[in-house]
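**Student:** Now for the letters of each chain:
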Amino acid sequence: MTATALPRPRRTRRTMPGLTPTLGFTLFYLGLIVLIPLAGVFFKASGLGFAGLWKVITSERVLAALSLSFGAAAIAAVLNAVFGAIVAWVFVRYEFPGKRLFDAFIDLPFALPTAVAGIALTALYSENGWIGSVLALAGIKVAYTPLGIIVAMTFIGLPFVVRTVEPVLREVERDLEEAAATLGARRWQTVLRVIAPAVFPSLVTGFALSFARAVGEYGSVIFIAGNFPMVSEIAPLLIIIKLEEFDYKGATAVAATMLVLSFLLLLTINLLQAWVRRRV
Amino acid sequence: MKTLSSIAGLLLALATSSPGAAELLNASFDVARPFYKSYNTAFAAEWKRRTGSEPTLNVSHGGSSKQARAVIDGLEADVVTMNSPLDIDAIAASGLLAKDWQTRFPQASSPSWSTILFIVRKGNPKGIRDWSDLVKPGVKLVIPNPKTSGNGRYSYLAAWQYAKTRPGGNDDAAKAFVGKLFANVPVLDTGGRGATTTFAQRGVGDVLLTFENEIALTREEFTQDGFEVVVPSLTVRADNPVAVVDKVAAKHGTAELARAYLEYHYSPEAQALFAANGVRPADDKVLQANAARFPAVNVFTVEQGFGSWAQAQSVHFSDGGLFDQLFAKK
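Note that the protein sequences, when read in sequence, are chains A and B. In this text, residue positions in the first sequence follow our numbering: the first is 10, and each later residue adds one. In this text, residue positions in the second sequence follow our numbering: the first is 9, and each later residue adds one.
These are calculated hints, taken from the structure and not from any lab test. The model shown is predicted, which means the values in this text are computed figures rather than measured ones. Please note that a few of the clues may not be correct.
Stated by the list, open to error - Result set (BS3-like, lysine-lysine): computed pairs, CA atoms no more than 27 Å apart in a straight line:
1) B:144 - B:107
2) A:64 - A:53
3) A:53 - B:255
4) B:144 - B:183
5) B:130 - B:148
6) B:134 - B:144
7) B:144 - A:150
8) A:150 - B:148
9) A:258 - A:53
10) B:56 - A:150
11) A:150 - B:130
12) B:107 - A:53
13) B:107 - B:255
14) B:188 - B:148
15) B:134 - A:150
16) B:183 - A:64
17) B:107 - B:293
18) B:255 - A:258
19) A:258 - B:107
20) B:45 - B:183
As the list claims (entries may be wrong) - Covered by chain A, per the in silico footprint, the following chain B stretches (three or more residues, Cβ under 8 Å):
21) 197-207
22) 276-282
23) 324-330
Unchecked claim - Heads up, incomplete: computed chain A residues facing chain B, CB under 8 Å, no partners named:
24) 112
25) 116
26) 120
27) 236
28) 237
For glycine and all other residues, C-beta sits at the position ideal for the given N, C-alpha and C.
Build the full structure now, drawing on both the sequences and the hints.
**Tutor:** If you want it as structure tokens, here you go:
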């Protein structure tokens, strides 16, 4: 076959057919569902003016709530990254009875109404609960303290890490590990030099997803938090409180601040991930 | 849940609307659910007797302030029935109804009221009799957050007024008293029901402060577990006001029905229904007839203690107000 037989070769430069309508739809849909509502938040908050906005977000109570929300979410995401990776590893590499059942359980925090999770966790961890009563003997209070917030955030974030790491772990070639072993690598060297670099980018993704979900989490946290101003009051609760006061602008100011902070953090994590990928 | 039920109420209102049929949407608060179930049946029968047509009466329930916000944001309720005048004032501020709504119906437009009482554990082990017992070291009390709930606000104001009207009391003493009181609160739930759960199910605290009608609703559960009700020496009258949302009623052509619906709240039948649901009827005779259910209380109104709701709100609960200062100093 000669080149001349190809119909209009110059006009289909793109590999994927129908990219233009697809891209158009994506942008339109993203705009409609995500960007326009978010722009609304900024629009309402902008009614305060810069000075007013600054006054709201630098008030002692808002700062305390923001640092609690982001701090607890970060701790929860780290816990999830460590233990979620272990759970994923166990699921990929070992067979045990009831594995499928446990596999289904992992997704429960996705599906469960968060308020139900919050009530269940509070029942377990309060001082007359199963776990809480045991911990109370050791003098550890979980429910109605910042520790409880971390517990709730860890609970809702776990599936994000497991489900992002699992497929990648499955793809890591056993041959590579065996090759490493035959070349005299110790077990920890194989884990560190062969498995970790392959899994790391997906682990970072899982961490970021878990973190983002925890920052905005409301339903499961308010039941276990105790909601004490300056101590255990999360930023989303402050937004609700401001709405209850019919202070729409103040509420959206806190919301907009959370959005910007989350976006910056996620952007940083994405850049870090890209940097890691390039190095691997 | 609450948003869902208000959405469901709205959908129901839309789905069942047909031209000509008299139809009404009442945006009300959570705890009033059982009351309006029986009230709507009674009023529908009364309206049919009067006009011959059967009205469709819908109620959407949610937190009182949440419902007010929904109405401000476009929930087309013809009437609102709330647990705090503050919420109707907020709707009035948005221009949907007249600012003088409290003059439209008897008793400052409040056909019923409730009050804040204490619930203690069986045998009252900490010996709690009055407000002064709540600030003692070692006593833990559960109160919902005054920023997010009506009963929290009322409890706070009642404590303040108690301290202020004691011999030698003044605003500074009241501030110190309320500060000590909140230092004894281990959990600030966002609403009354959450606080009840924290106290009754989680076993947190020695005393729960909440609305009398909330206690009435959960009485069975409470008496089973042997909780006891304590009536303090002074408490607050919590009016449950009602109002026609003028603009919406005019638009729907339901002004007459809406007015009749609210007026009927003052009828002897409706007053008795309030009593049966644990809410104090505004009619003193009906209240006397139900004295067994409602212990005598020494109450003040927010207007008497704090001038007006708007003033109480701006001084105590607004951003950076006295309530916020209790926590900022730590």
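**Student:** Please go over all the hints and tell whether each is borne out by the structure.
**Tutor:** Against the structure, the hints:
1. B:144 - B:107: 43 Å, violated
2. A:64 - A:53: 16 Å, holds
3. A:53 - B:255: Judged against 27 Å, a Cα distance of about 25 Å means the pair holds.
4. B:144 - B:183: Measuring from Cα to Cα gives roughly 16 Å; hence the hint holds.
5. B:130 - B:148: Holds, because 15 Å separates the two Cα atoms, which is no more than 27 Å.
6. B:134 - B:144: Holds, at roughly 10 Å.
7. B:144 - A:150: At roughly 22 Å apart (the allowed maximum being 27 Å), residue 150 (chain A) and residue 144 (chain B) satisfy the hint.
8. A:150 - B:148: 16 Å, holds
9. A:258 - A:53: 6 Å, holds
10. B:56 - A:150: 59 Å, violated
11. A:150 - B:130: Given that 27 Å is the threshold and the Cα spacing comes to 25 Å, the pair holds.
12. B:107 - A:53: 26 Å, holds
13. B:107 - B:255: 13 Å, holds
14. B:188 - B:148: 11 Å, holds
15. B:134 - A:150: Since the Cα atoms of residue 134 (chain B) and residue 150 (chain A) sit roughly 23 Å apart, the hinted pair holds (cutoff 27 Å).
16. B:183 - A:64: It holds: about 26 Å lies between the C-alpha atoms, which stays within 27 Å.
17. B:107 - B:293: Violated, because 30 Å separates the two Cα atoms, which is more than 27 Å.
18. B:255 - A:258: Holds, at about 25 Å.
19. A:258 - B:107: Holds, because 23 Å separates the two Cα atoms, which is no more than 27 Å.
20. B:45 - B:183: 41 Å, violated
21. 197-207: holds (count 4)
22. 276-282: Three-residue rule not met by the stretch 276-282 of chain B, so violated; n is 0.
23. 324-330: Satisfied; 4 residues make the cut.
24. 112: 30 Å, violated
25. 116: Not OK, violated: residue 116 (chain A) not within 8 Å of chain B, min 23 Å.
26. 120: This interface hint is violated because 17 Å lies over the 8 Å limit.
27. 236: 4 Å, holds
28. 237: 6 Å, holds
In terms of the numbered hints stated before, the structure departs from hints 1, 10, 17, 20, 22, 24, 25, 26, listed from lowest to highest.
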